[in-house]
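Visitor: If you read the sequences in order, they're chains A and B. Under this note's numbering, the first residue of the first sequence carries the number 1, and numbering increases by one thereafter. Under this note's numbering, the first residue of the second sequence carries the number 1001, and numbering increases by one thereafter.
Treat the hints as calculated values from the structure; they're not laboratory data. Even glycine gets a Cβ: it sits at the ideal position worked out from N, Cα and C. Do not rely on the hints blindly, as some may be mistaken.
Part of the chain B face toward chain A, derived, beta carbon under 7 Å [claimed, not checked]:
1. GLU1173
2. GLN1226
3. ILE1232
4. GLY1234
5. PRO1235
6. GLU1238
7. ARG1297
8. ALA1298
9. ALA1301
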Amino acid sequence: MAVYRDKARANPPMATKQEPPVLPAAEGCDLILRQLSRVGKRINSLATQQLIFSTLTVLLGAAAIVMLAAFFATPELFLVTVAIATLATLIALPWVIVKAVNRFASIPVTAHLTDDRAELRGRLITLVGLRDQANRHRLWPYLVEDTLLKVPEFEPARIERRRLSPAFYAFVSACLIALLAGVSAHVARQRQLAAQAQMAAAMDIDPSQVQPSNGSHGAPAEIVGNAQQLRDLAQRLQGEARTLPQDHHNSLVNRARDLASSLQNRLTGADDNPENKVKMRLAQTLDNSNPEAPPLQQPGYSNPTSDQQLADSNKQPGPLGSGNANQTSGPETNVPNDSNSMSGAPTKMQAPANPNTPMSQVNAPGQNSTQSGDSDQQSRQRTGNGGGGASHGGGTDPDSLMGPPDALVRHGTDNFEIPVDARLQAHSPIHDGQPYNPPKVKVGLSSHQYADQPLVRTTVPANDRETIRRVFER
Amino acid sequence: MNQTLTEIPTVADFARTFRRIQAEVHKVIVGHEQAVEELLIALFAGGHVLIEGVPGTGKTMLVKALGQALNLSFNRIQFTVDLMPADITGTRVILSSEDGRREFSFNPGPVFCHILLADEINRATPKTQSALLEAMAELQVTVSGTTYPLPPPFFVMATLNPIEMEGTYPLPEAQLDRFFFKVHLNYPDEGELVRIISTTTGAELHTVEPLFDASEAAARIEALKQLVREVIVGPEVEQYAARVIRATVPETSKFVPKKDGLARDPAINRYVNFGSSPRGGQALMLGAKVTALLDGRANVAFEDIERVAYAALGHRLTLNYAAEADGVDSAHLVQKVVHSVRDSRHG
């Protein structure tokens, strides 16, 4: 092994002022490699940090954006945001992983980096590359000693000053954004609950404002009303549905919108019980809006407070109303499909999700709309009251306020659902510039009717008000 | 490796000697720092130099000053169109001995020296120019079947006049390739010109002092040349030099069976007919070794390769007419080659 002898000490090969350490070449080489190893550990530590923090940053950022969009964006914007966030995540995740993995440095790569950063002019890569062939080079001891002089120049702290990867700061930023999103979502959620708690539950709608489904596959809204109104509405919707153009594009858009809405509900927790349907009560049409019209509400029960709240809520420029299917599924709406249930109780109608489905197909088996119409005709003839199904409530038969039980049995099974595409209009077609205010009808009770057996007027649970509101906004 | 480093010239010795020679030369040569340095790099790398410059820029003065500083034997041949090969290599003549017998005796030509100045080499015929080929490449001369070795160190400095091309014989590519470096001597700037005028027209004439004794000068130079070859080159640097050479070869070259690693820069493919030969790679690496020693290192760095790239490769690129039409020179192309390979190294 070649080492510097005394003569060499007296005549150092480098024209430097600093005396090189007296070390054998092999020992000096080991010392240099150990130093290089420490530099490598530092670089690899940063690479590991970058791998972890970058991956978490991407995932957390995407989740925060999706959550924010779920709370604050419309379904369309939410869908676009989710698509972009997913795509960006799929692109960014492999990219950041590959970039971080590429930062891991082996000993030769570390030597290369150290040479560049400490301006060692290839000393380290030469040492690392030829350490196994050291004996073949006569200037090897000189190279080792020359590099030993430079050891202070490639201390780990000088080659890589950072102990913490810059990706950590990006991760902290993503955490802050996520925290902000969480707080915003919580606040929004609390506001929703507070608003729902204050809003009235009942909602009357004008039958003329109900439109057939345009292909939406969302949860259908449940509409209650008397049999004649529901029948007329069903026939009208059926006729309008036939005239609707079969626009495949609109159908896809509606499906996408429904999907986005459903996903938003799940993320925001707004739709805790998706089985509950929004129930809306049909009001009298404009033509029949005189005070003497048949009652829309349960006979024998009138809640002025609720009516006032209902009127107030309808006047609001915001959502037309909100309700909770849990509460509306009380005695007023969940009427059993038997003859007894038709005694003054509104008939429940659920619009089919598929607009092409005829109304007769969603009726009870063995019944069709024609039969129902016939029965109703017979009923009107027997009672001598031609005011329509709603007028049956003013009959004198305490057992069947809506006519003879045999004529109304069939109406009791008229259950179908229709999707409602309704929104509050600033300029109502009914009253100029005024929101629609459903007529209030007061009907005197029959002498055979038990006044102490009213069906309880319920309010929409707070949890479902947001759902109803979104339905109307849609 | 049982010998100590002091038995050979040290790295510091080399750098010190190099700088002293430079200083001596610059006593009479004003400016041209890069040309002088490249000249000395080629000398210690064991190559020969082709100096190109307009008349009056100090080509002959430079060579003479170098010979005086090194205290080596120096000859000058003025190449003309009627110069014969024997005028360079020497010839056999009939001499009478003391006993009256006549016999052929070899009369060495001017090529038998340490430093040879071939002035305006492009004015001689190709036959005469080729007489230098064997001497430059193999350091020997063969006359009438007898080979005569040249005394080391043998260093040829040929000058080339880029103007007055009428009646000249441009050097063929094969002969150009035998020159280690091509050094360009440009016109001096105003400050240098003032110094030239003042130092050469005054009463006091500057002279070059020899650095070595005549008896040991050749041995010292040879020892330093040997030290150059001892410089360590890492595998990555060797690969880098090979890539640089490979990147000078256009992809359209029909002499390259494997196209991988050829020129990435479109300018090379457009303007270069033939790239550098492997001899260019040798020049690149040896020149880089000298620059490493000058920097006090025993290893070659990437920067050393890039530093001598143009001097080593510029005259080895054969450009086409498109380059001439577009005014593209080899310096520009070598720079592009180096950048492209450097980018790939960092990438």
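Visitor: Now tell me if each hint is right for this structure.
Guide: Hints, one by one, checked against the model:
{"no.": "1", "hint": "GLU1173", "in the structure": "violated, 32 Å"}
{"no.": "2", "hint": "GLN1226", "in the structure": "violated, 10 Å"}
{"no.": "3", "hint": "ILE1232", "in the structure": "holds, 5 Å"}
{"no.": "4", "hint": "GLY1234", "in the structure": "holds, 4 Å"}
{"no.": "5", "hint": "PRO1235", "in the structure": "holds, 5 Å"}
{"no.": "6", "hint": "GLU1238", "in the structure": "violated, 9 Å"}
{"no.": "7", "hint": "ARG1297", "in the structure": "holds, 6 Å"}
{"no.": "8", "hint": "ALA1298", "in the structure": "holds, 4 Å"}
{"no.": "9", "hint": "ALA1301", "in the structure": "holds, 4 Å"}
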